[in-house]
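**Q** So you can see what is in the structure, the chains are spelled out below.
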Amino acid sequence: MTIPASPKPRWAVGVVLVAVAAVLPLLHRDVPYVFDGALDSPGVLHLLALMLVFGALAMTYDLMFGFTGLLSFGHALYFALGVYGTVVVLSELDLGFAGSVLLVAVGGIVLPLLVGAVCLRVKDIAFAMVTLAFAQAGAIFVMRDPFDITGGELGRALPFREVPDVFVGIVNSRNIYWLALALVVVVYLVARVATASPTGRVWQAIRENERRVGVLGLAPYRFKLTVFVLASFLATMCGVVYVLAVGGANPTVTTPTFTLILLVMVVLGGAGRLWGALVGGMLYTYLDNRLAQLAASPSVGELPAVIRVPLSEPLFALGLLFVVVVLFVPGGVAGLVTGRRGAGSWRPPWRGRGGGDGSSSRTAESGEQAPTAERAAQDVTEGVAR
Amino acid sequence: MTTFLLLTITGLGLAGLYFLVASGLSLIYGLMDVLNFAHAAFLTIGAYASWLVAAKLSGTLPVWLVFLLGLLAGLVVGTLAAVLMEVGMVRRLYGDHVGQVLLTVGLLLAITALTRAVFGSDPVRVVVPAWFNDVTRIGGAAVPNSRLVVIVSAVAVFAALMFFLRRTRYGLVIRAGVENRAMVSALGIDVGRAFTLVFAIGGALASLAGILTGTFFGSITADQGTSLLIFAFIVVIIGGLGSIPGSALAALAVGLLQQYANYYGAVGIGDLIVVAMLAVVLLVRPQGLLGRVTT
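For the protein sequence lines, the chains are A and B, in the order given. Converting from the first sequence to our numbering requires adding 439 to each position, the first position being numbered 1. Converting from the second sequence to our numbering requires adding 601 to each position, the first position being numbered 1.
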């Protein structure tokens, strides 16, 4: 079985896109229909910053789901750690801003190391459920607030006196935007280097056939724990930037729904491709935000209830969109753009799994070896064709 | 002592709810390898359908009849929703387990959001006969009858499921399918029909759980299903995937432990202890209490 080589980095495209994104907040221009204000207005910059943060978060999730095939339902926990950790450490401890962020970063390594070590003892669906349970434990901790630090249902505001002035106030929305852009660039580069490294190749091999990796003498457990910790750490950093952008911690980032939304973002954009996940995260955030504004607009208020009521919950439309993508466009946006719908050298990570990939040993022994053989044959013919 | 008794009975009631949700999940997973997130949506659909019918009929008929008609309507609608979902969508992705999981995630998000949009996010009070809120004295403890109803229903469902699985032909097919699906279809048995049947059973049990949740807490909300679902997942994992007796045992352990810890410890500790229990079970026995060791 071939492990697809990463396409050559198209440096020029990336650099130009980042440069364009960097000068956007300097333009005083309206973009009709797309945004409801000038590009340099605080509202639009705030939305753009959120889109970038969630794009970065979606890329961290893609490292696990798209590249390693780990279906985690607990990724929100580490994002929430960054969000709540920053607020709580800044408020409760006297470490200064840099010290606080450093402490949160250490937490972003220690917590996933502990949780991942336990969760990765089981595979596949059981892994998905266990990560969900741990995320739920985090959500309960935040909501019930046993130590009186998280603010329970109301959440907790960021102590602005402890935050450097450049990130405080509406006048500095631009700086927050640039920070979010920097986050995207850093996460992208780290993820890119990691997935292209020998370790990253093993992650993709685990996605394709975990048992074979084991047979070749590599311990899948260690590689999976590595990607779990790396992705979670990056998610924690996304949480730190998010809390600076929104100015406080809110329990919605800990809910199971939020962790499911991360999955929606990645699949929408195209799992297994970093830029796909980035686009998915940005697109989801944009639609979520704009649909909510649309539902509140007077023109919608005049529509019949059959249309108006479902519009009032953006998640309904986005959930349906997701179902359509899963059923008909399994490659997501990235699949549409590149014209590869799971065929060819790259396929969505869930295509063609479930046979004798060793991850579901019960089906493997139950005589469902045929799909593997078929796939191997397919890979061979593709190799010849290329 | 009476407090302990009351806690035990409430814990048993909670265990009953967990079991009703978990048994359907466990069966569906055992046979089809689908982690069915939409299970929580069946629960919501059943509960709201029952409430709608009961609210429409309320006042025209005796309260008991209204409740029973509501229960029936909820079960029928929930079961139909499950069958439609299986035949219309899940079947399209046969053999693609992760795709099926993603599909059910989307359906859960969409259906929950739609319920919230139509009925609002505030809890809706359900119509139940006054008897449900009366208390029965058991060993000095005043136990609300709704708790007893849940316990009795769960025990009855457990007995019926075991009978169905162990003593009927379809039960045999399902058990054989859980063991070795490829072999069953190779023998010329229509496994696809068994899939639909299992989804229907899961939908009915989840709707029942949704309606009983309404009598248990006195109200229903659109998000109730999702939070129950997570504890049901924990129950399924602790009990062992695909094992109904395992789910029953794990539901008892989780329900009771949660109640005791939430009362004698601090609020919320019980929920955290349950997750800790999950971690311990995974470390000591990754296949769950009654799950089979896969080789």
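Treat the hints as calculated values from the structure; they're not laboratory data. Remember, predicted model here, so these are calculated numbers, not experimental data. Mixed in with the good hints there might be a few duds.
Only part of the chain B face toward chain A is listed, based on derived beta-carbon distances under 10 Å [unchecked claim]:
{"id": "1", "residue": "713"}
{"id": "2", "residue": "734"}
{"id": "3", "residue": "735"}
{"id": "4", "residue": "738"}
{"id": "5", "residue": "739"}
Negatives, chain A to chain B, calculated, CB over 10 Å [as the list claims (entries may be wrong)]:
{"id": "6", "residue": "479"}
{"id": "7", "residue": "572"}
{"id": "8", "residue": "582"}
{"id": "9", "residue": "632"}
{"id": "10", "residue": "700"}
{"id": "11", "residue": "728"}
For each residue, glycine too, the CB sits at the ideal point set by N, CA and C.
**Q** Does the structure break any of the earlier hints, and which numbers would those be?
**A** 2, 3, 4, 5, 7, 8 and 10
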